[in-house]
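Q: Could you slot chain C onto chain Y? The hints should help.
Heads up: the protein sequence lines correspond to chains Y and C, in order.
Sequential numbering of the first sequence, starting at 18, is according to the working numbering.
Sequential numbering of the second sequence, starting at 749, is according to the working numbering.
Treat the hints with caution; some may be incorrect.
[As the list claims (entries may be wrong)] These stretches of chain C come out as covered by chain Y in the derived footprint (C-beta under 8 Å, 3 or more residues):
id, region
1, 763–774
2, 777–784
3, 880–887
4, 892–906
Derived by calculation from the structure, the hints in this document are not laboratory data.
Small disclaimer: the values here were computed from a predicted structure and weren't measured.
Here a beta-carbon is modelled for each residue, glycine too, at the ideal position from N, C-alpha and C.
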Amino acid sequence: MPGETNNGMQCNEFEAVLFDALDQKLSGGKLERFRAHARACAKCGPMFAEVEAGQHWLKTLTEVEPPANLVNDILAATSGIDSYRLQVAAPVTYKPSLGERIREWADSFLTPVWVTVRQPRFAMSFGMAFFSLSVALSVAGVKPSDIKQADLSRSGLRRTYYTTSARVVKYYENIRLVYEIESRVQEFKKATTPAEPGPKELKERDKNHKNNTSGDPEPRQERNYSRDENQPVLASAPDNPPAVSVTTNRRFA
Amino acid sequence: MEDAQIVNGLVRRCIAGDAVAWEEIVQRYHRRVFHLCYRFAGTSDDAQDLTQEVFVKMYRTLSSYDVERGAFMTWLTTMTRNLLVDHFRKTKQDRVTDSIDAAPSEHEDAMPLSDQIEDKGAPPDARVQSRETRELVHEGLQKLSPELREAVILRDLQDMDYRDIAAVLKVPEGTVKSRINRGRAELARLLQRTYKQVM
Numbered sequence: 018m019p020g021e022t023n024n025g026m027q028c029n030e031f032e033a034v035l036f037d038a039l040d041q042k043l044s045g046g047k048l049e050r051f052r053a054h055a056r057a058c059a060k061c062g063p064m065f066a067e068v069e070a071g072q073h074w075l076k077t078l079t080e081v082e083p084p085a086n087l088v089n090d091i092l093a094a095t096s097g098i099d100s101y102r103l104q105v106a107a108p109v110t111y112k113p114s115l116g117e118r119i120r121e122w123a124d125s126f127l128t129p130v131w132v133t134v135r136q137p138r139f140a141m142s143f144g145m146a147f148f149s150l151s152v153a154l155s156v157a158g159v160k161p162s163d164i165k166q167a168d169l170s171r172s173g174l175r176r177t178y179y180t181t182s183a184r185v186v187k188y189y190e191n192i193r194l195v196y197e198i199e200s201r202v203q204e205f206k207k208a209t210t211p212a213e214p215g216p217k218e219l220k221e222r223d224k225n226h227k228n229n230t231s232g233d234p235e236p237r238q239e240r241n242y243s244r245d246e247n248q249p250v251l252a253s254a255p256d257n258p259p260a261v262s263v264t265t266n267r268r269f270a
Numbered sequence: 749m750e751d752a753q754i755v756n757g758l759v760r761r762c763i764a765g766d767a768v769a770w771e772e773i774v775q776r777y778h779r780r781v782f783h784l785c786y787r788f789a790g791t792s793d794d795a796q797d798l799t800q801e802v803f804v805k806m807y808r809t810l811s812s813y814d815v816e817r818g819a820f821m822t823w824l825t826t827m828t829r830n831l832l833v834d835h836f837r838k839t840k841q842d843r844v845t846d847s848i849d850a851a852p853s854e855h856e857d858a859m860p861l862s863d864q865i866e867d868k869g870a871p872p873d874a875r876v877q878s879r880e881t882r883e884l885v886h887e888g889l890q891k892l893s894p895e896l897r898e899a900v901i902l903r904d905l906q907d908m909d910y911r912d913i914a915a916v917l918k919v920p921e922g923t924v925k926s927r928i929n930r931g932r933a934e935l936a937r938l939l940q941r942t943y944k945q946v947m
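This is chain Y alone, in the form it adopts within the complex:
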């Protein structure tokens, strides 16, 4: 019966010292009373036997030998996140460079994409994409040999940059010179030709022409065909010019 005293030990006391007994920490009279209770009590005895047996079985499990490459794998896996740990743990002692940070940032979204892309089911898609690209390039006239011959070294790229910049500047200077000459020529032309009537005068003339409602033909403008004094022909002409008779024959109907 639970709680019953057997050989001076009650069940609750038995349970209290159970772990000491299992851990070999009981000795002397207390151990004797414990054993006596275990033998006599119908509840505590089987329970103790089961727990002790379970402990015994568990003690048979020896430590397993880890795989030989485990340490190397761990070190390889952790050295891959070295910058991250040091960034978190010791920001004063280590600061990742800009390149590393960019690489880390790019890795954060490129890695999942790369993992997805590496799946075999995408192999045919990539094959088709490669084929289409190569066909498009060959149609466009791009040859791989051109790319191969291109100097993609750092100094080569720098040289290409400076050459291209110089070419652009030279082209700009040439264009500027041409425009300057053109504008000078136009200015010279304007200076040498007489001034034409302005738009205001032309307008006035049109207005007068429209106001004439007499029906008469428009009076001919007197034209002075004489030459100026400085014109050498008239200046050298005699004062009495020869008379010229003009006969007009009219036909009457």
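A: Chain C only, in chain Y's frame:
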């Protein structure tokens, strides 16, 4: 120098970026972590992956370890245990110990789990230390519920004291003892069915 001081020194060096100190930590604890993972997860492959995960996590969070708050071993075991529990939830291999003696399926007359463990026929006493027996005990351990399993593993296989186990499992010491008791008893009952003549 005491072990705790050595470990604290290693941790400090490691946080400062000393790769040698980190390697020493790995060398020192990888066996223990692997053993814990193996007994909990059941297979060597899983244990290897989990051990690696534990160390990767430790490497990342080593700076969060506070020397004042407890022993490094307790901190490491807590981390390992949390990772194992997460892994267990993910793989959905949960088993209820109380159902060990019950039918594993919905059929009332189905064979109990304990009866399904194969009896090789040889006397158990003769092979109690044998590899097969250890495998059977290991299999029996996997049948326990995670709560009981982790308690008995930490106590009987990792030799941790009850206070540290309570700290790792975040339960009172009394609960720890109760779980250890129940775990051992369940395991014994399970194996007793197999080796009736010994028990």
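Q: Each of the hints needs a verdict: does it hold here or not?
A: Comparing the hints with the structure gives:
no., hint, in the structure
1, 763–774, "holds (count 7)"
2, 777–784, "holds (count 4)"
3, 880–887, "holds (count 4)"
4, 892–906, "holds (count 3)"
Checked against the numbered hints listed earlier, the structure breaks none of them; every hint is satisfied.
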